[in-house]
Amino acid sequence: MLKIRNLHAFYGSVLALSGVTCHVREGEVVALIGANGAGKSTLLNAICGLVRTQGEVKFQGKNVAGLAPEDIVALGISQVPEGRQLFAPMTVAENLELGAYLRFRRGHKKEIAQDLEHAYGLFPRLKERLSQKAGTLSGGEQQMLAIARALMARPRLLLLDEPSLGLAPIVVEDILSTLARLRDEGLTVLLVEQNARAALKIADRAYVLETGRIILSGAAQDLLQDRQVTRAYLGKDYKEFTEGR
Amino acid sequence: MDIFAPLLQYLISGLTNGAIYALIALGFGIIYNATTIINFAQGEMVMLGAMAAISFYHLHPSLPLAFAAGMGVVTVVGVVFERLALRPVKDPSPITLIIITVGGAVFIKGAAMMLWGKDAYPLPPFTGNVPIYLGTATVLPQNLWVMGLTAALVLALEAFFRLTLAGKAMRACAYNNRAARLMGISAGRMVQLSFGLAAALGAGAGILIAPLTLGVYDMGLMLGLKGFSAAIIGGLGSLLGGVLGGLVLGVAESLATGFISSGYRDAVAFLLLLLVLFLRPQGLMGGGK
Ligand SMILES: Nc1ncnc2c1ncn2[C@@H]1O[C@H](COP(=O)(O)OP(=O)(O)OP(=O)(O)O)[C@@H](O)[C@H]1O
Ligand SMILES: [Mg+2]
Chain H
1 MLKIRNLHAF
11 YGSVLALSGV
21 TCHVREGEVV
31 ALIGANGAGK
41 STLLNAICGL
51 VRTQGEVKFQ
61 GKNVAGLAPE
71 DIVALGISQV
81 PEGRQLFAPM
91 TVAENLELGA
101 YLRFRRGHKK
111 EIAQDLEHAY
121 GLFPRLKERL
131 SQKAGTLSGG
141 EQQMLAIARA
151 LMARPRLLLL
161 DEPSLGLAPI
171 VVEDILSTLA
181 RLRDEGLTVL
191 LVEQNARAAL
201 KIADRAYVLE
211 TGRIILSGAA
221 QDLLQDRQVT
231 RAYLGKDYKE
241 FTEGR
Chain B
1 MDIFAPLLQY
11 LISGLTNGAI
21 YALIALGFGI
31 IYNATTIINF
41 AQGEMVMLGA
51 MAAISFYHLH
61 PSLPLAFAAG
71 MGVVTVVGVV
81 FERLALRPVK
91 DPSPITLIII
101 TVGGAVFIKG
111 AAMMLWGKDA
121 YPLPPFTGNV
131 PIYLGTATVL
141 PQNLWVMGLT
151 AALVLALEAF
161 FRLTLAGKAM
171 RACAYNNRAA
181 RLMGISAGRM
191 VQLSFGLAAA
201 LGAGAGILIA
211 PLTLGVYDMG
221 LMLGLKGFSA
231 AIIGGLGSLL
241 GGVLGGLVLG
251 VAESLATGFI
261 SSGYRDAVAF
271 LLLLLVLFLR
281 PQGLMGGGK
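Chains as they are written, first to last, in the numbering used here: chain H, 1 to 245; chain B, 1 to 289.
Take the hints with a grain of salt, since some may be wrong.
To be verified - List of simulated lysine to aspartate or glutamate pairs, DMTMM-like, C-alpha gap at most 25 Å: (1) K133(H) to E158(B); (2) K62(H) to E94(H); (3) K90(B) to D71(H); (4) K109(B) to D119(B); (5) K3(H) to E210(H); (6) K127(H) to E111(H); (7) K127(H) to E117(H); (8) K110(H) to E128(H); (9) K90(B) to E70(H).
Simulated from the structure, these hints should not be mistaken for lab results.
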């Protein structure tokens, strides 16, 4: 479904991705793990057209590298960005409405109403808070809203950038099980996580990114057992946990 | 009683001018929210609104038609200005763009002088010139038109931002540009819309004030600077702030003119501006963004 070949991304003259090649098949949950500054967010933003790149990004056979972000959203790729990036002074309802912005413009009113119901089904707490300002939601609720907002575009491929960031373990569990449910409904997911253990548990496959390169890839189960991964990423989780990050 | 009598009169003229400043200030704020630049050509849109309406009125003496056509034409000018002068810039840093808007203002003013000459032209008041007496003070019907239509335009603008998809998208862009783009909101389209809206509001201000002051090719500079001051005083980018800034500035000017001397009128704007910048740089209503 998504095929990336030899992708380079630059910030000015700084190389943030150097020759990334990876793919996501339809119906898969693929995890992308890596330390701070490895280039995970850069890769997601490159897919969405927010970062300039060289190389090939193919979505459903169509080359999307170089397209404007709005055209890429229209093709069916949505991103839940790092740090939620909600429209904080706007209400929950308005945030959801803007998630469906392109579809409103095409007049898909009826489907949008259905998708709203679907989102409330996934996250009942949002329905109780429709007129609350997004900025006043709790961290967990904000993450739910960010996911629901991205789903309102009715994507085929959902990109998530560290949805577990700063959330209590129980909320993380909740959100990951929602992702599993979405996968079962047929959504394809590319999940960026520092919380590697949690990500690998729900993922089918995973890539490990380090300083802009993919250094390891394979089935999620195998990576969970992999020595290198355990030491570099899973061990770190534990350490962070005990230090009460 | 002696001091109160002129006070009411000053308030009326202050609020009238203030309403005009408010409309211009809102234009500055709308463009700032979409682009983080100050569009110094905004004052010229005010002038163009007045001059275009006057010309339309000469062609076909109907005020509502002149009003609508004036606003319409200037809206197009605003959008085209953005498209031709700002969009093609290779290095779109705010300072470059702001300097271009200053150049654009000079250009538009020059073009207006070639088109209309240096004469000042009248536009008839919307409903006659018979003053209404409020105790010792008098109000011209045009004063009421200015205040009433400004209120209507502000309400319409607020409704646009609160109730329509395009309005919400514009707010979203201002709050979080990146996230808005991830929703498929085209930043370029929002910028275009903001220039159109700002030009329309400026033109409206020009047409409303023309029956009171005449329309002339160089009226834009001072009105633009006053509107800019009002926007800063109220808090750049805040709708309520723009309105409040305009009214405060208008009334302060009018009181200074009345109680001190008309020579201080223009100094008041800049005095208030400095005061706000020193004491409350985010403006009266600014959220400290
Ligand atoms: N806007 C930017 N301008 C310049 N350099 C940037 C920019 N954004 C990211 N970088 C650099 O690119 C590299 C990759 O950053 P990126 O945000 O993709 O990492 P990440 O893997 O998402 O890290 P984290 O886990 O901390 O979110 C880093 O070295 C970062 O400093
Ligand atoms: Mg990141």
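Hints and how they fare:
no., hint, in the structure
1, K133(H) to E158(B), "holds, 18 Å"
2, K62(H) to E94(H), "violated, 32 Å"
3, K90(B) to D71(H), "holds, 22 Å"
4, K109(B) to D119(B), "holds, 13 Å"
5, K3(H) to E210(H), "holds, 19 Å"
6, K127(H) to E111(H), "holds, 18 Å"
7, K127(H) to E117(H), "holds, 9 Å"
8, K110(H) to E128(H), "holds, 22 Å"
9, K90(B) to E70(H), "holds, 21 Å"
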